Structures are given as C-alpha cells and as structure tokens.
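Those protein sequence lines, which keep their order, are chains V, P and X.
Quick note on numbering: the first sequence equals residues 1 to 341 in this note's numbering.
Quick note on numbering: the second sequence equals residues 342 to 667 in this note's numbering.
Quick note on numbering: the third sequence equals residues 668 to 1000 in this note's numbering.
Don't read these hints as lab results, they were simulated from the structure.
Remember, predicted model here, so these are calculated numbers, not experimental data.
It is possible that some hints are incorrect.
[Said to hold, decoys possible] Straight-line distance between alpha carbons at most 16 Å, and here's what the computed EDC-like set of lysine to aspartate or glutamate pairs gives:
hint, chain 1, residue 1, chain 2, residue 2
1, V, Lys235, P, Asp504
2, P, Lys465, X, Glu991
3, P, Lys467, X, Glu991
4, V, Lys145, V, Asp238
5, V, Lys235, P, Glu387
6, V, Lys308, V, Glu322
7, V, Lys119, X, Asp827
8, V, Lys105, X, Asp838
9, V, Lys177, V, Glu146
10, V, Lys142, V, Glu182
11, V, Lys153, V, Glu179
12, V, Lys307, V, Glu257
13, V, Lys28, V, Glu55
14, V, Lys47, V, Asp279
15, V, Lys335, V, Glu292
16, V, Lys335, V, Asp174
17, V, Lys231, P, Asp504
18, V, Lys82, X, Glu712
19, V, Lys332, V, Glu292
20, V, Lys47, V, Glu61
21, V, Lys263, V, Glu146
[Said to hold, decoys possible] Partial list, computed: chain X residues near chain P (C-beta under 8 Å):
hint, residue
22, Val796
23, Val803
24, Gly806
25, Ala932
26, Leu941
27, Gln975
28, Val977
29, Ala988
No residue lacks a Cβ here, since even glycine has one placed at the ideal position from N, Cα and C.
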Amino acid sequence: MNWSKSLLFASAATLAMTAFAQAQDMPKRIGYVTNYATHEWYQNVIKGMEARAKELGIAFEVQDANLDIAKQVAAAEDFMAKGVDVLIITPVNEEGVVPLLRQAKSNDMAVVLEGNPVKGMTTMVAICDYDTGYHAGVEAGKYAKENLNGVAKVMNVGLPLLSATVLRSQGFMDGIKTEIPEAVMVHDLDGGGNPDRALEVSSAALAKNSDINIIYGINDNSSLGGLQAWKAAGKSQDGLLTVGTGGEGLAFINAMENEPSYKIEAAMFPEKVGFTAIDAAVKVFNGEEVPEHIVSPTAPMIGEDWKKYYSVEGTTRTVNWEGINSVQAPEKCMKTSADLK
Amino acid sequence: MSETTHPSPGRSAGSQFLGSEQLVLALILAALCIAISIAAPQFYSEANIIAILRQCALVLIVASGMTMLIITAEVDLSVGASLAFVGCIGMAALNATHSLALGFLAALAFGGGVGLINGLVATKLKVNSLIGTIGMMMMLQGGVYLFTREAVQNHHHIAAFTDLGAGYVGPIPVPVIFAAVIFAVAYVTLRFTTLGRYIYAVGANEKAVRLSGMRSDRLKLFAFVVTGLCVGVAGMILASLMNAGQPTAGRGFELTVIAAVILGGTSLFGGRGSIVGTLLGVLLLKVIDNGIIILGWNQDLQMVVPGVVIIVASYLDIMRNRANAS
Amino acid sequence: MTNASTAIDAAATGPSFVARLLRHQEMALLLCLVLVIAFFSFTAENFFSVRNMTNVLGQASLALTAGIGCAIVFISGEVDISIGSLLATIALPLIIIMNETGSLALGVSGALLFGLIVGCINGYLTAYVGINSLIVTLGMMFVLRGGVYLYTGQRAIPDDAMLDSFILLSDGRLFNVIPYSAVIALILLFAFAYMMRHRPFGRQIYAVGGNQEVARLAGYDVRRVKFICFIISALLATVAGIILAARVGSAQHTAGLNFEFQVVAATVLGGVSLAGGIGSLWGMALGVLILQFLSNGLRGLGLPTEWQLVITGMIIIAAVAFDEAKRRRANGG
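Full structure from sequences and hints, please.
Here is the structure:
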C-alpha cells in the first residue's frame, strides 16, 4: 500500500489511519533514541514522528544521545527496561550500535533504524545522501555552464566524521562532472559541521585559492560558514555559486532570500523521514515484510522552489505535505556507505 | 628574570616587552612562519594574513581576560558555551531594538553576568572554579537551546553590525582593532597598575593578601567579570562574522583559549604569567591551524600538532630555566 | 587556592581526624544518593526496578573505573584529563589485535600495553621533567584524539572477531542480574580502596598530595609515587575503554569525548580535592553513582537534553557548594 505518494495529507490521513487500523495491530509505545536532538534536522525528524504517532494513537517518547555513543547505548537500555514496543534508533555511529541490536534481538524487541545501515538490522529509513549531493551537483553544473563560463572550482566544506556527509560531497562532485567534466574540488575541508569552524577553515582555504567559484556545504551550517568567510574576505558574490544541503531550518531560506550567490539547496525533508519511520515501525511490529532500505525522498531546490514545500510565518516554518509527498523517492540509492569501504 | 616569575611585578622588574620566557615561543613562531612561507608562498599573502589575524582576534579577546583570571588562580571553562549564547542574545536584542548599541549592551550584560555568577560561585560558595564553570558550561549549553531552537537570523540588516566582523579601518580588520585595544588595556593593567600587582599577588599568595587587608574575593570577582565581558565582545564579533546567532558555535573554544594562555607561560596555580606570552600563544596556535590548511595537510593534524607544541614548549621552557639556574 | 589551606589544616590534626571527617562526608553523599533514588522512584516510570538499577550499574562502570584513577591522581596532587581520549585510543589496539588474532587475551594485553606507555609518558613528563600535569595531559588529550582521527580516517573499526568472551563483557550478567562490566568496576574499586586505606603506598599518595615537603622529609620518593599514580590512571582508563569497546562493539573515534569532564565532576562531587591529599575512593564512587542515577532518572522523566544539562549543571555546583560549606563548618572557619 503506497499511500505516501498518492494521498492528500490533510484529508486522507484519517482514511489511511483507518485502513491501517483494520489491517494491523498498533504498537502502544514507540521509543526513539536520536543522535543529536538539539540539531535542527533531528528536531524536524522528531516533529514528523510526533505528528504521525499522534495520528495513529501511539505513545511516542524521545531520548537524545547528544552525539555520545555511550549515552546512546544507555538510553536504548532504558527504553528496553521500560518495555516500549518498537525502538527507533538514529545511530551515533553505525558500527557502535551492533551490540544494541543484538540485545534487542534477545529481548524480541522490534527495531527500526534511521539514517545509517547497521549489520544485522531489519530495516532502515533514510534518504540517499549520495543521490542528494548528485542531483544538487547536476543543477550546480547547469548553473555554472550558463552563469560561470563553464568553470567549476569547488570548495567542499565537508565533514569526514560521518559516511553520510562524505557521500554527499562525493555525489556533488560526480553530479557536477556530468555537466562540466573538468570540474575540480580545489579544497576538501573539514568544517566540523559547525558554522564557526566552517568559517575559520574556509577563510584559510579562500586565502590560498582565490579562484574558487563554487562553495558546497554538507549542511546549511557549512555552506553558510563558507559563504560568510567569502564575505569577510571582502569579495563580491558576483561569479560565485553557493550550494547548501539539508534545508531543515530558516537559515537557508534567509540566505536564499538575501544572498545573491545562494542559489541551490539540496532539500532532505526531515519531517518526511520521521513520518516514514513511524510507519515502518508499525509494519515491523506486525512482522510485515519490509525492504531493507526504505528511501525517503530528497530534491534540489532552485531559487524560489522552497515555497513549494514550506511556508514561513514570522519564525515558524510549516510543512506543505502536498508538495513534499509529490517528490518521488528512488527505489535504491546510487551509492551507499557500503561503497566507501 | 622577567615579571612573570615575580609575585608582585613592579616597574623595576624589567621594562622589556618580551620577557626571556617568551623568547622560546617567539622563536618557534618565527621558525614556523618561515617554514610555512617557504613551502607555500600563499601563506604570507595579504588575504591570508588578514584571515589569520581575524581568527586570532576572537581568541585573543577572550584570552586577555582569561590570562588575568588564571593569574588569580581561577579558571573559566564556560567561555565556549557562553560565546554561543552571547551571539544569540545579542542578535535577538538587535532584532528587537534595531540598535547596535543596545544589542552590544545586551551581549556585554549577558557575558558579564555569566562571569559575575561564575565569580560568585567561586568566591562566595567556595566552589572550585574548574568544577563550578563545568557546571555553568552545562547550564549554558542547555540554556541556549531553551532560548532558541535554531540560529537567530539577521532581521535588522544594520550595516554597522556587519562591519563588526567583516569591516576594516584602513587596512586593518575591525576585530583586530578590538583585540588590540583589549590586549593593550590588559597589558597596561597587569604591568603598570596597582590593580595588576594585586592580581598577581592574589594568585601567588591569597592568604598574605587577605592579611594585608585587601579583599581577594573582589579581585577574583573582577577577573571573572572581565573574562565574561571579553566573551561578550567576542560573541558579538562572531555573530557578525556568521551573520547569525548560532547556538552550536563555540565548541572547544574554551580549550583553545586556555591552551593559548598556558602555552604563553601563565601558571595554572596562579601568580605567574604574562599577557605577551598569551599573545604569542594565540598566534602560534592559529598559525598552526592555518598552515595545515594552506599546506593541504590532513586536517586531523590540527589537533595533534598543537598538543605536541604545548608539551614541547613547556619542556623547552623548563630546560631553559634549569640552564639559567645552573 | 583555598583548598590548600584546608589540606594542611587537616593534615596537621592527624589521621584520626581525617578519617572521621571523611566518614562524615561519605555519609552526606550516601544520603544524597538515597534522596536521588527515592525521588525518581516516585516520579519516573520503571525507575525502581531491578532491571533499571542494574542497567545503571553497567552504565556507571565506565566512569567508576576511570574515576578510581582520576581520584588517585587528584589525591597525589596532580590531574589527568587525557583519560577521555585514551578511552578511544586503546580501543584501536584492542579491536585490531582481536580481529587479527581472534584472541581476547592478546587484544587486552595490547590495549594495556598502550595504556601503560601513555601513563609512563604522562608520569615521566610530570614527575621527572616537572611540567604541570594539566599541560601534559591537555597536550596528550589533543595528541591522542588527533592520532585516532588520523589513523582511522574518522571511521569506526568494527569488531569482526565477535568473540564470545568479549560479547559477554557487554551482554553478560553475573547470576543473570549484575552486568559483568559493573562487577569488574566494583572489584577494582574494592581493591584500590583497600590499597589507599591500608597499604603503605596508599598512605604515601595521601602524604605526597597533602604536603610534598613533609612527604619528602618522611623519606618518600615523591617523583616515583606520582609517576606510578599516572600509570594507574592510564591503566584504569584503559580498562574503562575496553568495557566501552565491548558495549559498542567497535573502536569508536569519538568515544569518550567530554568523558574527562564527567569523571572530574563526579570525582570532585565525591569530595576528592583538586589540591591533593584529601578525599576517598568511596566518595568518588558515590559521586559517580549520584550523577549516573540522576541522568538515568532525568531520562526516565522524559526531559529533553537541554533541561538535563541545565539541571545536572546546577546540581553539580550546588552539591560542591554544600560540601564546601560543610567542610568549612567542620573546620570551624
């Protein structure tokens, strides 16, 4: 039943719910151990989960590992001791939760993973990071052909810490090369995913190579940090293209409205990820057959495109489900973290 | 020997700017700059020097206050968390008031207030400042997310605010001017004023100072508040550079600041230290950071190299002291 | 520092007074722990269950093991903040050797050897060269963490050997109740607490931390005592690192980030003075347990991270402030 693609959200959600309720037993409680709850991305994933759980009448609780793998294990143990029906985990690191899955299995606990695949898992809900970067790269290539004389010298404000972010950078470069084969990555930086660190390392890189004309960031903090370094160096944004990834908060909207070079944002729709994860949890709870990787869609947004998916009032951003549900997810990712090894 | 080992440095303690203790650091710094320049000429390009100086400015502003604080035998580990919070507060105040002065005031009030609380916890409640400020660090890290869930955006578009981080006066970046002024004030205070002498004295021998009728608590409180105010200034500059108040900023900033201060020869047990050493420490750490990127080396070395330099510089300093003694 | 004078005062009044004072202090901590447990038993769902209580013991085993070393180094008058990075570093030889040889004994030996080397370097630079231990271990913290990142390319290394004995360390429970990791931590705690109280070397550590001059005059080799304390600290952090590696089934490059803050906070909360010469391992253990039950209880209440941080920060400050006030009253000043 592929409801997510076809139904109008507001009116049909109730319908979907009744359909679910007839076909399936609902878990009573779902526990979610997230990686980094204070990050905007996960905030929005949680929002999507909360909304969907509420619709289905499931009690939903969140614990935050706050980037600490030891704390993640502890929080998951807490949930298992409490006796939740399904556990959703966004691993701090995919190798680090193998013992957790083992423990869950011995307790007959259903587990859904978000974000990263883990040895011995049943199913995972995640976007395709490589594809996300790739499609943004293709758009960047087209833009550079038209507006930057076909030159593409990229500064990658990356994050080698996570395989997901490494894949995004790789995808971006491979995508841009489909349009401009001689595109090069002039600098491959570790911006820590943080705005101040990204700013600092970008300053040094821009000082070394003044011919950079495309800034790619693996998240909005990184692309904005890179762009701020550009501005702090007193350079004009003519002849520059900035491409961000994530699109989880207001920052990128602000940048797309105010910064002339910020033209492309690879949107990853965190709310949709959360929504899908809860549905996957229900299916796993019922012992239904589920694919190993349930793909949540992403799409490059160019210029005003973001208005299709989000609306902003003051400082609150609301999801336009109609728009997001119309985005097609691929069946399979072009590349996954398994290809990095 | 220079003022750094003397409990109460008087004007007689030698008038040279660069004490012999800092000579080692200055030599390492010079050697490093030359080596990087030979390997990568872009290192001494104008753009890069400005980039380095701007990064140094942020650290030096806070490190100036921190040097005073550590000389009084206290420490503040909450400066990184406070830096992020200050930026959010300052930006929110700017958005609300559209006044740069009021925004700056809010940032200073917040930074100074955090310093005041740290100081009161250390002096009145007698909580060891290493622990008290870890507690404060946690409260600020949590508190900033209670204040704002996401980055506070620039809705005021005040041009002068942008200049705080990215502007120039002549060829000199504005943050560097802020840093220079704060550094100069700290230098003069520690070197040439009675207040400075008391600050050294309180760290060197708290009991003696209390007996002499002075209030050592007040001096420590002063140093905490000064450090907090410095964080206020640095937080505003960082917010300007990032054009947003970022709750995730400042991670590990406290370690960079403290590493620069102790690299500069200031003793964690108080009573000993020099602000010129701190300046050299800041420059050294930031040149290393920058050089690794300019040379295109693995960025993980940005952690390894400062670690080795901190230990080696301390080692050389001790060897030099022994050579002098014998 | 204010604590230094307290240390001298306490030393001057003799061991019986110190012992009395310490016993007193541990009672207050114990009361605090009971209050924390009582509070959450009434408020947090499923808090007061055997499963949850023993889970917390397993979770506490890391900080408890490393805390022993941290406390011993504090008592000797020095600090060691490299333990968090060491936690991540020793997992490399452990996991790599186990993957290569399929032997837990060889892996653990490799890890301990690595820990021993780090402890020797820390101890040598501090005790024999005379560099401030905060500087040495801060530098070591950067070097080790950066080294792990460099070596692994910021990728975790999975445990492919999957030895039963190693898995037992993570999943196994003594009598099916107490996690083996907690058992190891408790055995180490008892052993070292016995050493600190009843063996000559323990007394030497207190003497060296209390007043170096007096210790030297008493004929103790101050340098050697401190050197050994750093080795003990590094080896215990290694054991904690082995437990963590088992719990996460891999060598994690980010493991133990900020762990040193956690352990230092628990140790000081437990009444171990940074000025040296004061405190006990039992106090440290109570400090660890208070913080662990607190964070478990706050999670159980479903509080978001930001509130957990704010409350933990406040409680650390309040507890140390309370402890200081009590100590000053006990000293009549």
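Each hint, compared with the structure:
Of the supplied pair hints, the one linking lysine 235 of chain V and aspartate 504 of chain P holds, its CA atoms being roughly 14 Å apart against a limit of 16 Å. Pair hint lysine 465 of chain P plus glutamate 991 of chain X holds up; C-alpha atoms about 10 Å apart against a cutoff of 16 Å. Among the hinted pairs, lysine 467 of chain P with glutamate 991 of chain X is consistent with the structure: their alpha-carbon atoms are about 6 Å apart, no more than 16 Å. The straight-line distance between the Cα atoms of lysine 145 of chain V and aspartate 238 of chain V is roughly 15 Å, inside the 16 Å bound, and the hint therefore holds.
Of the pairs offered as hints, the one joining lysine 235 of chain V and glutamate 387 of chain P holds, with about 13 Å between alpha carbons and a cut-off of 16 Å not exceeded. Taking the CA atoms of lysine 308 of chain V and glutamate 322 of chain V, the gap is about 9 Å. The hint holds against a cut of 16 Å. Between lysine 119 of chain V and aspartate 827 of chain X, the direct Cα distance comes to roughly 11 Å. Compliance with the 16 Å bound is thereby established for this hinted pair. About 12 Å separates the Cα atoms of lysine 105 of chain V and aspartate 838 of chain X, which keeps this hinted pair within 16 Å; it holds.
Of the pairs offered as hints, the one joining lysine 177 of chain V and glutamate 146 of chain V holds, with about 15 Å between alpha carbons and a cut-off of 16 Å not exceeded. Taking the CA atoms of lysine 142 of chain V and glutamate 182 of chain V, the gap is about 14 Å. The hint holds against a cut of 16 Å. For a cut-off of 16 Å, the pair hint linking lysine 153 of chain V to glutamate 179 of chain V stands: about 13 Å separates their Cα positions. Distance check on the hinted pair: lysine 307 of chain V and glutamate 257 of chain V sit about 11 Å apart at the alpha-carbon level, within 16 Å; holds.
This hinted pair checks out: lysine 28 of chain V and glutamate 55 of chain V have alpha carbons roughly 13 Å apart, not beyond 16 Å. This hinted pair checks out: lysine 47 of chain V and aspartate 279 of chain V have alpha carbons roughly 14 Å apart, not beyond 16 Å. As the CA atoms of lysine 335 of chain V and glutamate 292 of chain V are separated by approximately 15 Å, the hinted pair is consistent with the 16 Å bound. The straight-line distance between the Cα atoms of lysine 335 of chain V and aspartate 174 of chain V is roughly 11 Å, inside the 16 Å bound, and the hint therefore holds.
With a C-alpha separation of about 11 Å, the suggested pairing of lysine 231 of chain V with aspartate 504 of chain P holds against the 16 Å cut-off. Straight-line distance between C-alpha atoms of lysine 82 of chain V and glutamate 712 of chain X comes to about 8 Å, which keeps the hinted pair within the 16 Å bound. Distance restraint check for lysine 332 of chain V and glutamate 292 of chain V: the Cα-Cα separation of roughly 10 Å lies within the 16 Å cut-off, and the hinted pair is therefore satisfied. For the suggested pair lysine 47 of chain V and glutamate 61 of chain V, the alpha carbons sit about 12 Å apart, so the restraint of at most 16 Å is met.
As the CA atoms of lysine 263 of chain V and glutamate 146 of chain V are separated by approximately 13 Å, the hinted pair is consistent with the 16 Å bound. Taking 8 Å as the C-beta contact cut-off toward chain P, the hint placing valine 796 of chain X at the interface holds, the least distance being around 6 Å. Using the Cβ-Cβ criterion of 8 Å, the hint placing valine 803 of chain X at the interface with chain P is satisfied: the shortest such distance is roughly 6 Å. Interface restraint check: glycine 806 of chain X against chain P, minimum CB-CB distance 4 Å, threshold 8 Å, status holds.
Look at alanine 932 of chain X: its Cβ gets to within about 6 Å of chain P, closer than 8 Å, so that hint holds up. Given hint, leucine 941 of chain X at the interface with chain P, holds; its Cβ is 6 Å from that chain's nearest Cβ, closer than 8 Å. Interface restraint check: glutamine 975 of chain X against chain P, minimum CB-CB distance 7 Å, threshold 8 Å, status holds. Here the hint on valine 977 of chain X is kept, as its CB sits about 4 Å from the closest CB of chain P, short of 8 Å.
For alanine 988 of chain X, the shortest C-beta to C-beta distance to chain P is roughly 4 Å, which falls under 8 Å, so the interface hint holds.
Violated hints for the displayed structure: none, as all numbered hints are satisfied.
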